[in-house]
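Please put together the full structure from these sequences, using the hints given.
For the sequence shown, the positions run 149 to 405 when our numbering is used.
Simulated from the structure, these hints should not be mistaken for laboratory data. For clarity, every value in this text was computed on a predicted model and none was experimentally measured. Do not rely on the hints blindly, as some may be mistaken.
With a Cα cut of at most 27 Å, we get these calculated BS3-like pairs of lysine-lysine [what the hints assert, rightly or not]:
#, residue 1, residue 2
1, Lys357, Lys397
2, Lys385, Lys397
3, Lys388, Lys357
4, Lys302, Lys356
5, Lys357, Lys385
6, Lys388, Lys356
7, Lys302, Lys388
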Amino acid sequence: MDEILLDRTADGVATLTLARPRVKNAISIPMWEELRRIFQQVSETETDRVLVVTGSGGSFCAGAELSAEMVSGAHPLNAMQPVNQAALALHEVAKPTIAKVNGDAVGAGMNLALGCDLVVAGESARFSQIFARRALSVDFGGTWLLPRLVGMHKAKELAFFGDILSARDAERVGVVNRVVPDAELDDFVADWAARLAAGPTLALQMTKKMLSNAFSVGLAEALHAEATSQSVNFASKDTKEGVLAFVEKRPPVFRGR
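So, in structure tokens, the structure goes:
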């Protein structure tokens, strides 16, 4: 599909680019299935060690492409299934994910960004849970993501009013990790992606999973998961390399196993 591009580098960085700049990268119905497929493919591809999600043409994503057919469709619940499957597939990507937000990220586009592990925005980026302005309720995981990121009352404010947040305001309320000048966005994200790709893949995957589960488990269960993960790490070549590099006072070279 030429509306979603996937590029890979030799060092393990996969970059997914939404390529519909004419409509600010709004996601059409066929694109949801393609997104799900790509998310699953990256998760299962050993040589992919980090995923960057971005948009082309000065926009990140304007959310779902709305049409009269969607409103008048006989089975709107069925039409939401590809949307939900794509959101879940993004959440389940085993590798670290970074949203590189250049321009507008609204509606499902904002939640596409928030569904990534890290969000880096250019200073001209804008965010909005615009659903209510279209007489829609929040989707693409926003009702699950927002309260965890900003707290319940702030989540309801963002969802009820659909106000536009500047990049700095988004950083202030906790939905963006970093805001950088637009001209520095590519280099900044490339640096973060390279650092993650060079990291201990197995350890990062297990840490990601445990953090993602943090609000649904008790302390005892979390501690058990930590102990289990460390036992796996101690048997890995990367942990042996990390310890040896520490002893030898040199940077470690992780191979992802």
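Taking the hints in turn, this is what the structure says about them:
no.: 1; hint: Lys357 - Lys397; verdict: 30 Å, violated
no.: 2; hint: Lys385 - Lys397; verdict: 18 Å, holds
no.: 3; hint: Lys388 - Lys357; verdict: 22 Å, holds
no.: 4; hint: Lys302 - Lys356; verdict: 25 Å, holds
no.: 5; hint: Lys357 - Lys385; verdict: 20 Å, holds
no.: 6; hint: Lys388 - Lys356; verdict: 21 Å, holds
no.: 7; hint: Lys302 - Lys388; verdict: 44 Å, violated
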